[in-house]
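Trainee: Put together the whole structure using the sequences plus the hints.
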Amino acid sequence: MKLSKKIVLAEDNSILSKLLQFKLEKEGYQLLIATNGKEAVDLIEGNEPDMILTDIMMPFISGLEVISHVRNKLEKKTPIVVFSSAGQEEMVLNAFNLGATDFMSKPFSPNELIIRIKRLLQ
Amino acid sequence: MMLNLPEQLINFFDYIFFGFAIAAISSYIILAIISAFETVNYMKKNSFVNYTEILSSSISPSISIIAPAYNESLNIVENVRSLLSNHYVNYDVIIINDGSKDDTLEKLIEAYDLVKVDYLINNQVATKPLRKGVFKSTNPAFEKLIVVDKENGGKADALNLGLNISTNKYVACIDVDCLLLEDSLQKMIKPFLEATDHKVIAAGGVIRIANSCIIKDGKLLDINFPKNSIVRGQILEYLRAFLLGRMAWSKLNGLLVISGAFGLFDKKIALEVGGYDTKTVGEDMEIIVRMRRYMEEKKAKYKVAYIPDPLCWTEAPDNYKIFISQRNRWTRGTIETLKKHKKIGFNPKYNSLGILSYPYWFLFERLAPIIEVLGLFYFLLLIVTNNVVWDYAVLFLIVAYLFTVLFSIITIIAEELTYHQYTKRGMGKQLIKTAFTEPILNHPFILYAAIKGNFDYYFNKSIKWGEMTRKGMSSN
Amino acid sequence: MVELLQNIVEALNNSHPIIQFCTYLSLFFIAIIILLVIYLKNLRDRLRIKGRIEATYKKKYEAELIEYLYADDDKNNNLQQQQIITYFKKSSENRLKRKLIIATFLKLKNEISGETSDAIQNLYYQTGLIDSATSKLKSKKWDTVARAIRELTLFEIKEAHDEIIQLINHPKKEVRNEIQKYLVKLFRFDGLEFLNVLENPLSEWDQIQLLEILNKFNNLEVPDMNNWLQSTNNSVLSFTLKLAKIYNQYGVKDEIIALFNHADIQIRIEAINVVAHLGIYEAVAVLKEDYFTRSLDEQIAFFKMMEEMAVPDDIPFVRDHIENENFFIRISVMKILNLITVDDDNTFKINTTATDFTIDKDLTIAS
Chain S
1 MKLSKKIVLA
11 EDNSILSKLL
21 QFKLEKEGYQ
31 LLIATNGKEA
41 VDLIEGNEPD
51 MILTDIMMPF
61 ISGLEVISHV
71 RNKLEKKTPI
81 VVFSSAGQEE
91 MVLNAFNLGA
101 TDFMSKPFSP
111 NELIIRIKRL
121 LQ
Chain X
1 MMLNLPEQLI
11 NFFDYIFFGF
21 AIAAISSYII
31 LAIISAFETV
41 NYMKKNSFVN
51 YTEILSSSIS
61 PSISIIAPAY
71 NESLNIVENV
81 RSLLSNHYVN
91 YDVIIINDGS
101 KDDTLEKLIE
111 AYDLVKVDYL
121 INNQVATKPL
131 RKGVFKSTNP
141 AFEKLIVVDK
151 ENGGKADALN
161 LGLNISTNKY
171 VACIDVDCLL
181 LEDSLQKMIK
191 PFLEATDHKV
201 IAAGGVIRIA
211 NSCIIKDGKL
221 LDINFPKNSI
231 VRGQILEYLR
241 AFLLGRMAWS
251 KLNGLLVISG
261 AFGLFDKKIA
271 LEVGGYDTKT
281 VGEDMEIIVR
291 MRRYMEEKKA
301 KYKVAYIPDP
311 LCWTEAPDNY
321 KIFISQRNRW
331 TRGTIETLKK
341 HKKIGFNPKY
351 NSLGILSYPY
361 WFLFERLAPI
371 IEVLGLFYFL
381 LLIVTNNVVW
391 DYAVLFLIVA
401 YLFTVLFSII
411 TIIAEELTYH
421 QYTKRGMGKQ
431 LIKTAFTEPI
441 LNHPFILYAA
451 IKGNFDYYFN
461 KSIKWGEMTR
471 KGMSSN
Chain E
1 MVELLQNIVE
11 ALNNSHPIIQ
21 FCTYLSLFFI
31 AIIILLVIYL
41 KNLRDRLRIK
51 GRIEATYKKK
61 YEAELIEYLY
71 ADDDKNNNLQ
81 QQQIITYFKK
91 SSENRLKRKL
101 IIATFLKLKN
111 EISGETSDAI
121 QNLYYQTGLI
131 DSATSKLKSK
141 KWDTVARAIR
151 ELTLFEIKEA
161 HDEIIQLINH
171 PKKEVRNEIQ
181 KYLVKLFRFD
191 GLEFLNVLEN
201 PLSEWDQIQL
211 LEILNKFNNL
221 EVPDMNNWLQ
231 STNNSVLSFT
241 LKLAKIYNQY
251 GVKDEIIALF
261 NHADIQIRIE
271 AINVVAHLGI
281 YEAVAVLKED
291 YFTRSLDEQI
301 AFFKMMEEMA
311 VPDDIPFVRD
321 HIENENFFIR
331 ISVMKILNLI
341 TVDDDNTFKI
351 NTTATDFTID
361 KDLTIAS
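Chains as they are written, first to last, in our numbering: chain S, 1 to 122; chain X, 1 to 476; chain E, 1 to 367.
Everything labelled a hint here was simulated from the structure, so no lab data went into it.
Just so you know, even glycine gets a beta-carbon here, dropped at the ideal spot from N, CA and C.
Each statement offered as a hint is correct.
Using 30 Å as the maximum straight-line C-alpha spacing, the simulated DSS-like pairs for lysine-lysine come out as follows:
no.: 1; chain 1: S; residue 1: K106; chain 2: S; residue 2: K118
no.: 2; chain 1: E; residue 1: K136; chain 2: E; residue 2: K89
no.: 3; chain 1: X; residue 1: K199; chain 2: E; residue 2: K242
no.: 4; chain 1: S; residue 1: K73; chain 2: X; residue 2: K116
no.: 5; chain 1: X; residue 1: K44; chain 2: E; residue 2: K90
no.: 6; chain 1: E; residue 1: K245; chain 2: X; residue 2: K268
no.: 7; chain 1: X; residue 1: K452; chain 2: X; residue 2: K321
no.: 8; chain 1: S; residue 1: K76; chain 2: S; residue 2: K6
no.: 9; chain 1: E; residue 1: K58; chain 2: S; residue 2: K26
Chain S is nowhere near these chain X residues, computed Cβ spacing over 12 Å in every case:
no.: 10; residue: P6
no.: 11; residue: K107
no.: 12; residue: I109
no.: 13; residue: T167
no.: 14; residue: A195
no.: 15; residue: D266
no.: 16; residue: P348
no.: 17; residue: K349
no.: 18; residue: L363
no.: 19; residue: V405
no.: 20; residue: M427
no.: 21; residue: K429
Covered stretches of chain E, going by a simulated chain X footprint (3 or more residues, C-beta under 8 Å):
no.: 22; segment: 22 to 33
no.: 23; segment: 39 to 50
no.: 24; segment: 146 to 155
no.: 25; segment: 342 to 349
Mentor: Quick look at the structure:
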């Protein structure tokens, strides 16, 4: 049997991350949950995920730094999807400059996210 | 032996000291009552505000955090990281390295991939020249950061350079070792944006004491009550000043001080009055008085706002030597500011600033320690001349002590009803214990420092700054 | 013992009135201190229990909500969903628990859209939480009313419109603002009709919040702004100028040009500030004509605008200001003449092609 794909999710809204975890695990992915950027970086270094989902605005290490760390320090091409809020257009631009793969603007539809993840992981 | 002091003289002094005590006590009670009403009002107004709506908005006004750093090598990287993680969108962080003799700048360059850039500076206020120049990060994740290296000129001078450097509408002047909570900027900017029929020129925040608290990764994780009695006393003192004092003054629109550790200013007005005064050790108080004076003279409707939420945490002195030198400096700052602006005192042209704030500050901040010490000398004189009526004297002390304790306990209750930061079991007991011990353990040193400040101001002009040695904020 | 006490009381009765007064005052203080300490102990205990309840139920409600939404994907789970609804309904009879349930719902609803968001709204109806919010609209306390409107806004309850609109002239500013946000969030630009009759100032804080709400929607049909740009309410002018800029309303250029002569200097400056964004070229001549009679701040705004609007014909006029006393005007002139290039972050480069100008004395180059 093929091993399920690993996704690191960095999101400080506990209930949103729980919902996404349920939905994505139902789709057959393995979820690793971080509540801030630092935990995310640790999880990424320890688990070599197939995909990273990260909120831009997070305590201590921002989503931008997570991207920067993955692309520049770890030199990995793992797809990264960032979650942004309205008004953070500039940050989204920065995220793409740093090497983000895609972004979802909050509020977003969980089902749409799943579709995008599936496409990126094909 | 009983010397006969003239009875009239004794009566005269009795009346002065007794009158002063009554005036002080009544002013405390009045301020506390105003505070109570204002706090309830504030809590109601802000109970349903959603700050996330404004923080994420790119049309929200721009703010610069200006933080002077002098020999901060130990914690600078962590401190800057904490400042960069604020949840406001439209802001930048300007670190002014004020001629540090250690490797503060080098640490920043390494941690944040800084490179030197050509930067437009509008020299609106004169400052000491740049040393190595202006630095920015090559990493887009740190694009909010500007580091400026200049020659040493003191805190006020460094802040002035920050005012010149900033391109934003508002500036938050802070101590670099302060821990700002993530929503601090949007809470502080609110009064500026809400005002419609007046102008808000500055807003002051609350300073909370971070000693013994656990801070990790630039976040306040756990609030503890320190063991050290000097720090404990200061916690109570700060609570009293912020919860019961400043809240009332903001209602009366009579705030004279915004703590230098965290204040937000309308940059245009701060520059119009000429920035910070580099000749005083009380630059944080002085600029507010000057800005207010400027607005009064322009006959403009204005306000100095105050945000009671615990947004800024900083370390307080934990030994008597540093504590005394800090208070000594505050005393000299107060004297200098009041002297420089004596024109507004008791001057009805300056409205409540002239007839309420200034006199209050003069009487109960500037003169109080002097009157207290004179009272002690008078008491000694009475003892020596055997003129003491002991039952009066003892009872008078007991009443004063009990009132202080009572006032502190009311403060603790106010804290519990509003922000309730000291949640752990046993902290209530420790707070109450501190209310009883503080007048004995802390007050004499505050009094001593104030007198020494007066002495230094008049007879010892060479002393300028008190050292504040830093202990690691990030270590637990 | 009793004798001792009697002696003290007697001594007190015979002493001077001041001594008596101070003694009674001390006893009074001691009594209050004791009472307050007991109250404080009690208060802290209550707060601690409340904190524990909050933490426990927050977790519980989050789990239940996830369970409900998860079951939503499966059509056979109706029974389970019904049980969760009943559970929330029962819990929400308690005030604290109701507050926690609503907070839990909103914590998720604010971050997501689509069917999951609809499911949460549906849950809000089914649990009857909507009824408790609408009934609060009749409360006499302004903060209760404001909070109820806010809740109805966040759950996007359009049915409450008729009841809420009756409160539009509420004496309290906070309530009126919540109503404005309700209207805009649920009815988009149609909700902005209140601007036609608004008499009170709309603070910048309110303006940002309204713009932020509108910003969340795409492809909105933008209404006609002419009327609002002729409003006698300055804050409506200021707000509409922001709208015109964000939604690129070139069509209102005549109204904007008319605002150059508005009585309020702030409005004049804001009007000049949108010129470049909308590319209203005929405005340049209008402003150039009476440039010298305008205030310094307007002149600065004019040159800032010219950075993007200057055409070759303007160069002589611009060049005359290269020695201007004002820093911002000088910088604008140098940018227009292409002597320097300034980036968004205020870093700059000197363009070597134009060497006949020296960067002047008051411009610090940090290098």
